[in-house]
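Novice: Single-letter residue listing:
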Amino acid sequence: MIGPGQAVWSERAAIMASARDELESAVREHSRTVYRVTFAVLRNRQDAEDATQETFLRFWQHRKRWAEIRDRRAWLARTAWRVGLDRWKRDPEMALEEAAESVRQLRAQGASPEEIAARDEMAALLARLISALPQELRAPLTLSTVEDLTSAEIAEVLGIPEGSVRNRLLRARELLREKLTALLERKHGG
Amino acid sequence: MEDRRPDKSIDELLDASLQRYRSEEPRAGLEDRILANVRTRDLAGRRRAWTFALAGTAAALAMIAVVLHVPRRPSATASKLPRVSVSRPAPAVVAPRQTLHQVARRVPKSPAAPRRPEQFPTPAGLSEQERLLLAYVAANRGADLSNRVIRDLTIDPLQFPEIEIARIEIKEIPESIE
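Taken in order, these protein sequences are the chains called C and G.
Read left to right, the first sequence gives residues 0 to 189 (numbering that gives the first Met the number 0).
Read left to right, the second sequence gives residues 0 to 177 (numbering that gives the first Met the number 0).
The hints are simulated quantities; they were obtained by calculation from the structure and are not laboratory data.
Backbone N, C-alpha and C define an ideal beta-carbon position, used for all residues, glycine too.
Hints are supplied without guarantee of correctness; some may be wrong.
[Claimed, not checked] Calculated Cβ distances over 10 Å to all of chain G for the following chain C residues:
#1 SER17
#2 ARG27
#3 ALA39
#4 ARG64
#5 ARG106
#6 SER150
#7 GLY158
[Unchecked claim] Straight-line Cα separation of at most 20 Å, DMTMM-like style, residue types lysine to aspartate or glutamate; simulated pairs:
#8 G:LYS7 to C:GLU177
#9 C:LYS63 to G:ASP41
#10 C:LYS178 to G:ASP10
#11 C:LYS88 to C:GLU135
#12 C:LYS178 to C:ASP119
#13 C:LYS88 to C:ASP49
#14 C:LYS178 to C:ASP85
#15 C:LYS178 to G:ASP41
#16 C:LYS178 to G:ASP14
#17 G:LYS7 to C:GLU173
#18 G:LYS7 to C:GLU135
[Stated by the list, open to error] If you want the ones that stay clear, here's a sample from chain G, every Cβ over 10 Å from chain C, calculated:
#19 ASP10
#20 LEU17
#21 ALA57
#22 PRO173
So that you can see chain C by itself, here it is in the shape it has in the complex (with noise of 0.2 Å):
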């Protein structure tokens, strides 16, 4: 014979256990998308992964409201934007000219766009470009970086409709190009 306190903790066992599975699923399921969420901002695989499970952990303290989550892929790489966001620090002020310089060199020695984007000094340079856009531009260019999420993910993210956010890649994109112009064509234009 089973008394009612019982009956209340075996049901409350089994909500957990469930709960635990649905947790599991979605871990399996979404983690690299959360991961890579939280490195576009980050830009750094300890902080991006410390952001992965405080995005996990925000989620299992959600549980309660998880029946309300309509689409959770797009709820978990909206928080994981947040804690990144929350998470990020300017990276200290890098010597543009150094890093432009190096690539101009490799430029001039005739090396291809790709050996070019393979070296540090073209990832530090693009780097510097991305971080110095303004908000609304490196926003979803960071987040278009994130190979899983499409344009309607990004925009359901920031929240804003799905055409801004095209028309804002474009706007951040032709000033990327500008701006690595005016630096790497200085001396030819000079």
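Fit chain G to the supplied structure of chain C, relying on the hints for placement.
Specialist: Below, chain G without anything else, positioned relative to chain C:
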């Protein structure tokens, strides 16, 4: 064509750099680390909540025990001071409207309320006066009792000795005094 060449190379460089910028994979075992971390932190959080709950309960029980078991003593200063009763007019207090339920909840339940006796009047031993009355009745039964009562309750009239009062004499006042 020559003017567009640098722009094209910049575009290609930008595309390649952005492509590299986005490619980042997590270290192996990320899922297991996440699950282990969530379990650990959730368990720690629940343990902390239980600790707080138990500590709170223990504190509440200790407070109740102290309140119930420590006898109330009047303070020494208060007992030495003479009591001055000052009658003041009661301030006019407008009580908010309360429901019957609220009033019932506010009535304090006295833990030391006397137990109601099952029989009224409560059986108890005879008082000293009752015992004397019984002894008196027992000693003077029947007609003797009424005579005795009349005799005991009769009060003798007061006896006063006769008082002699001297006569008052009125004399004329001599003229020399005038």
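Novice: Could you check the structure against the hints above and give me the numbers of any it violates, in ascending order?
Specialist: Hints 2, 3, 5, 14, 15, 18, 19 and 20 are the ones this structure does not satisfy, whereas the remaining hints hold.
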